[in-house]
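Whole structure, please, built from the sequences with the hints as guidance.
Numbering (this note's numbering), first residue to last: 12 to 132.
Honestly, the hints are just simulated from the structure, not real lab data.
Among the hints, erroneous ones may be present.
What the hints assert, rightly or not - List time: in silico SDA-like cross-link candidates among lysine to any residue, alpha-carbon distance up to 25 Å:
hint: 1; residue 1: K97; residue 2: I62
hint: 2; residue 1: K40; residue 2: R91
hint: 3; residue 1: K40; residue 2: G68
hint: 4; residue 1: K97; residue 2: Q22
hint: 5; residue 1: K48; residue 2: N20
Because the structure is a prediction, the values reported are computed rather than measured.
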Amino acid sequence: MADLVSYGNAQRDIDQALIALKKGARLLKYGRKGKPKFCPFRFSNDETTLIWISSSGERSLKLASVSRIIPGQRTVVFQRYLRPEKDYLSFCLIYNNGTRSLDLICKDKVEAEVWIAASKY
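This is the structure:
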């Protein structure tokens, strides 16, 4: 019986996390050019696409095209403006057969865990 209760709570936590991800958050995005910038990120309603607004307009990334998720600041893009104190808040989505990366820093540990877990989902 305890398993059912904990499962119910886990499912509720997942549902709440998905609602938060669809509403979105401002994440620090590292690009190949220029300095890192805060951009609003959110999941699409069908939970298949990561959408963000950049200076050039709305951008998106199909989660199915993500081949790897790397926690921390281990990519070339991150190395340009390394923030070691924020390593545990950082992650990178590798896509396009490993040729591109989306490098992000979250505001806190919980937010980072939710974004990383949901991106794997």
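Hints, verified against the model:
Of the pairs offered as hints, the one joining K97 and I62 holds, with about 23 Å between alpha carbons and a cut-off of 25 Å not exceeded. Distance restraint check for K40 and R91: the Cα-Cα separation of roughly 13 Å lies within the 25 Å cut-off, and the hinted pair is therefore satisfied. Between the alpha carbons of K40 and G68 the distance comes to roughly 14 Å, so the proposed pair stays at or under 25 Å and holds. A C-alpha spacing of about 29 Å is found between K97 and Q22, which places the hinted pair above 25 Å, so the restraint is violated.
Straight-line distance between C-alpha atoms of K48 and N20 comes to about 35 Å, which puts the hinted pair past the 25 Å bound.
Going through the hint list in order, the structure does not satisfy hints 4, 5.
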